[in-house]
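Dock chain B against chain A, hints included.
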Amino acid sequence: MTPSSSLLLEDIWRRIFTMKKQQRSDYRIRQRKDLAWDIAFLAPQFIIYFGLTILPFIIAIPILMTDQIAFIDTDIDFIGFQNFVNIFKSPMVDMFLPAVKRTAIFMLINYSTVFIFGMTLALLMYEIKSKLKKPLFTIIYVPYMISGLGIGLIMLLLFSRDTGSVNLMLLKIGLIDQAIDIKEPAVSAWAFPLMIGWRYAGFNMAIFLGGLLSIPVETIDASRVDGANYLQRLWNIYFPQMFSSIMIATVICLIGSWGVFDEAVGMGALAANKNVRFFSVLLYKIGFAGTGQSGTLSEALTMAMTINVPLLAVGILLSKLQKKRQI
Amino acid sequence: MPVLGKKKIAGILISIILIMYSLITIVPFYFLGVRSFVPTNKSAKFHLIPPKLEEFNMDSTYGNLATFYNIDLSKAKKQLGISGYINPNDSWMEISEDLDIPQQTIVDYFSPYIKYNGWITILTDSRIAKSLIMTVVLTISSLVVGGLLAIATGSVLAGFKKKWHSWIYGLYMLQMIITPVMIIIPLYLILGKYLGLANTYFALFLLFIKGGAIPVMIFTSFIAGIPVALKESVEIDGGNRLQYFTRILLPLTKVPFATFAAITFPIIWNDLLQGLVFLKEDKFTMIPMINSLQGTFTTNYQAIYAGLCLSIIPVVIIYLAFQNLFVKSALSGALKG
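Protein chains in written order, with the working numbering: chain A, 64 to 390; chain B, 11 to 347.
FYI, nobody ran anything at the bench for these hints, they're computed from the structure. Certain hints may be false.
Capping the alpha-carbon separation at 25 Å, the derived lysine-lysine pairs in DSS-like fashion look like this [as the list claims (entries may be wrong)]:
#: 1; chain 1: B; residue 1: Lys125; chain 2: A; residue 2: Lys387
#: 2; chain 1: A; residue 1: Lys235; chain 2: B; residue 2: Lys62
#: 3; chain 1: B; residue 1: Lys52; chain 2: B; residue 2: Lys171
#: 4; chain 1: A; residue 1: Lys235; chain 2: B; residue 2: Lys173
#: 5; chain 1: A; residue 1: Lys387; chain 2: B; residue 2: Lys171
#: 6; chain 1: B; residue 1: Lys17; chain 2: A; residue 2: Lys196
#: 7; chain 1: B; residue 1: Lys62; chain 2: B; residue 2: Lys125
#: 8; chain 1: A; residue 1: Lys197; chain 2: B; residue 2: Lys85
#: 9; chain 1: B; residue 1: Lys55; chain 2: B; residue 2: Lys87
#: 10; chain 1: A; residue 1: Lys192; chain 2: B; residue 2: Lys16
#: 11; chain 1: B; residue 1: Lys87; chain 2: A; residue 2: Lys197
#: 12; chain 1: B; residue 1: Lys85; chain 2: B; residue 2: Lys290
#: 13; chain 1: A; residue 1: Lys197; chain 2: B; residue 2: Lys17
From a predicted model like this one, the values you see are computed outputs, not experimental measurements.
Just chain B, with the same shape it has in the complex:
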C-alpha cells in the first residue's frame, strides 16, 4: 500500500475530528428523545434506549401515580366519574372495588400514561394543541407579511440612489446590535400601555414583522441586482410602481424570500422573552408554553422533553428542506459585513 502523503493524513484526521464533533452535537438530541419516554421513577438510571413499556399495575396506589408518573389526577377523576376525596394510599384495586368502577376502565385509562407519559400528556392537552396551532398561524402570517414589507423596503432602498435611502438603511442595520432584552421594558410601555395591546397576538405580530438588519439586507442586495431594463419596461408600458412591484418584483423574489423565511422562521418560532412579556398563559406560544410546564413543586419532565421535541421537529424539517439556501446565505452574508 503506498504511503499516504502528510497532507492526506492531515485531511483524514481533520475529517475525523469534524465527524466526531458532529456526532457529539447530535448526542444531546438523541438523549432528549430517549428521555421523553423515561418515567420519573426510572429517571435516576441511565437509559441508552427507551425503557421497556410498563404495564399498569392495579396494586399501585393513588398517590404513586401523581408522584412517579406526574399524572393529572383531577382530570383522571373526572374521566372515571370519581368525585370526592381519595386516600393516596389506597391502591387502585381497592378503589375499583369500593367505587364500583370496572378494572378494565381503569387499566385502559392509565395504561397509555404509564407507557408513554410525556407524549400522551402533550398530545392530549388541549392547551398545547391550541398553543401549537396559534404558533403556526402567527409564524406563517408574520413571515408572509414581514416578507412583503421587507421586499417593499428593499425595492426602494436598492442601489441607494438617494442620500436619505442610505440613512434609512443604516437605521435598519442598527437592529443587529439592539437585542430584545435591551428594549423590552419600554417596548411593553409602547405596545402594552400606550397601544393597549397587552395579551394580544397582534403585539407579537407587529414585533415579528418590523423587519431588521437581515430581511432588509437580503432584499436590498437582491433587488439591486435586478436589471433596470425591467423597471423601465413597465414605465414604457405606462405602468406605475405598484404594477412593477406586483407583476415583476414579487415573482422574481421567490429565492430571497425563501432565504428570508428560512432564517426568520426559527427566530419567530423559538421566541421566549417576547411571548412571556406580551402574552398571558391562555395565549402562550409554543416555547413559553413549554416553559410554563415547569412547575414549582413537581415537574413532569417527560412532558417537557416531549413538548421540546415537538417544538424542535418543525424547525429541523424546514432547516433541512432549505439546506442549500442556508449554506449559501450563511457564507455570503458574512462577506458583506
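Only chain A is shown next, with the shape it has when bound in the complex:
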C-alpha cells in the first residue's frame, strides 16, 4: 500500500467513526425529544386521571387511622386501627353488616340475571339471521341508555302498590287480586336485581354475543356433524370458548353490584325505603348526608376500604385469569 492510500484509508476510517458518533448522539437527542413529546401528550390527562382515580386510594390510607369526624374536622387524632374495630361494634355494625348482607344477596341475584337476560338473549340473537337483528339489538339496548335514577323511578311507576301502572292493569284484567307492593322487603329483594338485570340486558348481551361471534364456525359445524344436539353444543363448544366474555361480564357485574346507587335512589333509598339501602347508599349517607352522629368520616372510609380493597383484588385476579385463558 502506498503512503498516500493508507492516509486516505485513515481519513475515511476517521470520518466513518465521527459519523457513527454523530449518529449515536443524534439518536440520543431524538430519544430525549420523543420522551419529551410523549410526556407532553400524556401528562394532561394522566395527571387528572391519576389524581382522581388512583390518588384517592393513596390518601385514604392515612385517614383510615384517624378519628376525623367530618370533612371540615380540624381536630384529628391518630387512633391506629381503632376504626376497623369500631365498624364491627355497635352501633356501626348495626348499619354496616345489614347493608353488606343486602348488597351481597343483591350481587348474587344480579349475577344470575346476567345470564338469565344477557346470555339467553345473546344465544337467541346468535341463531337468527334476519334483518330483525339490528332493530332488536337497538331496542334491547335502550334501558342501558336511561339513567339509573330513571330506572328506579320507572319501577315505582310500574309497581308501587297504589298507583303502579302494571298493578292497576293486572288488577283490572283480573290476573291478580292483590297489588304487588314493590316496597315490601321480600318483593324488593328479587324485583330490584331483576330490574337491574333488565337494564343491563343489552350490555351483557353484547358482551356474550361478541364472545359467540368469535367462536370459529368450524368447531360448531364439526360438533353438528358428530351429531351433537343443541344442549351438548352449548355445554361443550359454546361455553368453553366464551370463557373470556363470561369472565368480563362476571368482573363487571361483581364490581358494579357493590356500586349500585342510582337505581336505589330512584326507588327511594335516600327517602323512606329501607329495603334498597345498599352498601353504597350507606357510604353516601354517612359521608355526605349525615351529621356525624351516624358515623365519623374515617369510619365511613374504613367501611369503604374494607369492602373495596378485597373487591378490587378479586377483580384484578379475575381479569388476569381471563387474559391467561385467552386462546
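Just chain B now, with coordinates in the frame of chain A:
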C-alpha cells in the same frame, strides 16, 4: 303449503320471543309518557292512554289545587296578585269575588296546570331550564376536551413501543373496575377540600374528562392502525409531533371520536352520584335535579315523570343517530377483553 323445516320453525319462534321481549322493554317507557299526563287525583286508576283533559272548575277549593294537582300556590298567588292568608276551603269562585280578581284570569292561569300539570311545571320552571342548559354545556365541553385528551393519550400509547407505555395503559384499564362509589369519599377530600372545588361545575368537568378504560382503549387501538408512513411524512417535511397531531391525526379520528362520544355521552348525562356530592341545589345537573323534585311530603309525580322524559329524549336521540357505531363497537369491544 310446504311443511316448514324444523330449523325454520325454531327461527320463527326465536324471532317471536325476541320481538316480545323488545315490546316488553318498550312498555315501561310508554307508561312513563302516559303517566306524565295523569294528575294525582286520577293516579289510582289505570290509564292506557293519557286521560281526557280536564277543565278548571271554579268551584274547586284552594286546598285541592295543592293536594291533587301539586300546584305551587305561592307562585300562583304572586302571579295573581294575592297576598295574605287564604282559607284552604275557600273555593276559587269565592276568592275571585272576595278579592275582586276576574274569573277569566284565574281560569287562564290554572287551566294549563290542570291539563298538563307535569309538563307545564317542568317547562316553566326556571331552575329546570337552567339545569338543562348547564347539563348540555357541561356534557358537550366534557366530551370535546375529554376526547382531545384521550386522542393525545392514544397517540402516544398506540403500539406500545416502550415498556412504560404498557404500564400507563394498564393503569388506565384499572378504571374499569373502580366505580365512582368506591372512591367518592376521598374524591371529595381531593376536589372539595384540597382543591377547593366544592359546588363548582369544574369539579364535575375534571371528573368527566379524566378518561378511563373505554376512551383510551378506543383511541389506542384505532391509532395503532394508522400507517406509520403518515407520521414519517410529517417528519420528512420537518414537522414536529404537534403538527402531526393537528394536521393528520385529528382529522382521521372522526369515527372513533363519534364512537367515544356516543358511549361517553350517556355516562356523563345520566350521572347522579357525582352531581349530588359536588354540586349544591342551585347548580344541579338534570338527573340530580329530577331527584330533588321528590319532596318529603308531597311529590309532584307528573313533574318528575315529565322531567324524566325530558332527560331521556336527548340520550335516545343521540343513541338512535349513532346506532351503527354502537352495534359495531359493542360487538368488537367485547372481543378485545
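Comparing the hints with the structure gives:
Between the alpha carbons of B/Lys125 and A/Lys387 the distance comes to roughly 62 Å, so the proposed pair goes past 25 Å and is violated. Under the criterion of a C-alpha separation no larger than 25 Å, the hint pairing A/Lys235 with B/Lys62 is consistent with the structure, at around 19 Å. For a cut-off of 25 Å, the pair hint linking B/Lys52 to B/Lys171 is broken: about 66 Å separates their Cα positions. Proximity of A/Lys235 to B/Lys173 is assessed by CA-CA distance (about 66 Å); at most 25 Å being required, the pair is judged violated.
For the given pair, A/Lys387 sits about 22 Å from B/Lys171 by alpha-carbon distance, which is consistent with the 25 Å threshold. Proximity of B/Lys17 to A/Lys196 is assessed by CA-CA distance (about 17 Å); at most 25 Å being required, the pair is judged to hold. The straight-line distance between the Cα atoms of B/Lys62 and B/Lys125 is roughly 9 Å, inside the 25 Å bound, and the hint therefore holds. Restraint check for A/Lys197 and B/Lys85: not satisfied, since their Cα atoms lie roughly 49 Å apart, outside the 25 Å limit.
A hinted pair counts as satisfied when its Cα atoms are at most 25 Å apart, and B/Lys55 with B/Lys87 does not qualify at roughly 31 Å. Simply put, A/Lys192 and B/Lys16 have alpha-carbon atoms about 16 Å apart, close enough for the 25 Å limit, and the pair holds. Taken as a hint, the B/Lys87 and A/Lys197 pair is broken in the structure, with Cα atoms around 53 Å apart against an allowance of 25 Å. For the hint pairing B/Lys85 with B/Lys290, the CA-to-CA distance comes to about 23 Å; that is within 25 Å, so the pair holds.
A threshold of 25 Å between alpha carbons decides the hint, and for A/Lys197 with B/Lys17 the separation of about 21 Å falls inside it, so the pair holds.
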